[in-house]
Amino acid sequence: MGSWGFIGLAYGVAAVAIGTFFVLLKRRLRGAAEELSALERDGSRRAP
Amino acid sequence: MERATRIAPSIGAIAAVILAVGLYLGLVAAPPDAVMGELQRIMYLHVPSIVTAYLAFSVVFCASILYLWKRDLRFDAVAVSSAEIGVVFTGITLATGSIWGKPTWGVWWTWDARLTLTAILFTIYVGYLMLRSFAEDPQAGARYGAVLAIIGFLDIPLNHFAVYWWRTLHQPSSLLRAGGPSVARAMLVPLLVNMLGLMLLYLYFLVRRVQLERVRHRIIEVRLRRGRRG
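Chains A and B, in that order, are what the protein sequence lines are.
Each residue of the first sequence is one higher than the last, beginning at 23 in the working numbering.
Each residue of the second sequence is one higher than the last, beginning at 39 in the working numbering.
FYI, nobody ran anything at the bench for these hints, they're computed from the structure.
Where a beta carbon is used, it is the ideal one built from N, C-alpha and C, also for glycine.
Fair warning: there could be bad hints in the mix.
[What the hints assert, rightly or not] Simulated crosslink set (SDA-like; lysine to any residue; CA at most 25 Å straight-line):
#1 A:Lys48 <-> B:Arg256
#2 A:Lys48 <-> B:Val260
#3 B:Lys140 <-> A:Lys48
#4 A:Lys48 <-> B:Met237
#5 A:Lys48 <-> B:Val97
#6 B:Lys140 <-> A:Trp26
#7 A:Lys48 <-> B:Leu250
#8 A:Lys48 <-> B:Ser211
#9 A:Lys48 <-> B:Ser171
#10 A:Lys48 <-> B:Ala51
#11 A:Lys48 <-> B:Lys108
#12 B:Lys108 <-> B:Val260
[What the hints assert, rightly or not] Derived Cβ-Cβ restraints for the label pairs, each shown as a range:
#13 B:Ala42 <-> A:Ser25: 37 to 47 Å
#14 B:Tyr62 <-> A:Val45: 20 to 30 Å
#15 B:Pro47 <-> A:Met23: 19 to 29 Å
#16 A:Gly24 <-> B:Trp147: 13 to 23 Å
#17 A:Glu57 <-> B:Ala224: 47 to 57 Å
#18 B:Gly217 <-> A:Glu57: 51 to 61 Å
#19 B:Arg205 <-> A:Ala37: 30 to 40 Å
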């Protein structure tokens with residue numbers, strides 16, 4: 023592998039790491055927000 | 039925090055633009071190094087990554103002290119969020135350093151003081167995150183985590199000065215050194231642009247990650263309230 027191969031590998035690994043973290047964070051955030059709104063909906067139905 | 043959450047998309051967009059400019063400067067505009075040739079371009083990613091990781095762990099350190107002092111879970115939310123992002127950037131540092139090491143030193147890894155201390159830093163904060171996720175009592179997890187984060191932070195000055203205190207393969211710092219950076223201007227600019235871009239990306243991730251932590255706290259509150267009501 024030449025110099026540009028190693029450069030591509032380094033930048034590729036970083037892009038995959040950052041991209042994966044970004045996607046997983048978005049997914050976790052969406053999941054938690056959905057769980058919270060379901061709990062609050064459920065709570066407001068039971069409250070009376 | 040509400041304001042930070044509102045401006046998060048703008049921070050993310052600015053980070054993306056700066057990183058795109060930094061990529062162009064680092065991969066196209068910067069000249070090849072006289073000794074390392076084109077491989078030097080990996081440094082435009084490797085150095086900003088470790089500086090951003092240091093920033094993330096410094097935030098963990100400060101937030102952990104504040105948590106132990108005030109016992110306010112908002113500080114703990116910042117600490118655990120910043121630690122997670124710091125681990126990602128330390129992982130990138132280790133990976134890009136290893137990829138640079140293979141063609142330069144002939145090995146993917148060597149037990150050099152700087153490399154070993156960076157691996158220890160990574161392991162300490164992975165351990166911190168594991169401790170946090172396995173703790174059954176969130177308050178106890180936050181307390182033990184804060185102590186571990188404060189002790190673990192000592193690895194950073196040790197890591198920075200390792201290249202001066204011991205004989206290492208890793209070159210001394212050319213950026214964070216007494217007397218200012220020793221890098222040529224044509225190479226310093228892409229380095230600083232990428233550093234700014236990654237720090238803004240860190241800030242974006244931090245705001246979003248803290249937002250997640252707040253939603254999780256709210257879920258726990260709602261469940262506890264419901265549990266009390268029976």
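Outcome of the hint check:
1. A:Lys48 <-> B:Arg256: holds (18 Å)
2. A:Lys48 <-> B:Val260: holds (22 Å)
3. B:Lys140 <-> A:Lys48: violated (35 Å)
4. A:Lys48 <-> B:Met237: Cα-Cα ~19 Å, so holds.
5. A:Lys48 <-> B:Val97: With Cα atoms ~22 Å apart, Lys48 of chain A and Val97 of chain B stay inside 25 Å; holds.
6. B:Lys140 <-> A:Trp26: Distance of about 13 Å is within 25 Å: holds.
7. A:Lys48 <-> B:Leu250: Since the Cα atoms of Lys48 of chain A and Leu250 of chain B sit roughly 9 Å apart, the hinted pair holds (cutoff 25 Å).
8. A:Lys48 <-> B:Ser211: Status violated; Cα separation ~35 Å.
9. A:Lys48 <-> B:Ser171: holds (19 Å)
10. A:Lys48 <-> B:Ala51: holds (15 Å)
11. A:Lys48 <-> B:Lys108: violated (30 Å)
12. B:Lys108 <-> B:Val260: With Cα atoms ~24 Å apart, Lys108 of chain B and Val260 of chain B stay inside 25 Å; holds.
13. B:Ala42 <-> A:Ser25: 37 to 47 Å: holds (41 Å)
14. B:Tyr62 <-> A:Val45: 20 to 30 Å: Since Tyr62 of chain B and Val45 of chain A have Cβ atoms about 24 Å apart, the given range 20 to 30 Å holds.
15. B:Pro47 <-> A:Met23: 19 to 29 Å: Check failed, 38 Å falls outside 19 to 29 Å.
16. A:Gly24 <-> B:Trp147: 13 to 23 Å: holds (21 Å)
17. A:Glu57 <-> B:Ala224: 47 to 57 Å: Roughly 51 Å apart at Cβ, these two residues keep to the hinted range, so it holds.
18. B:Gly217 <-> A:Glu57: 51 to 61 Å: Hint holds: Cβ distance 53 Å, inside 51 to 61 Å.
19. B:Arg205 <-> A:Ala37: 30 to 40 Å: Holds, at about 35 Å.
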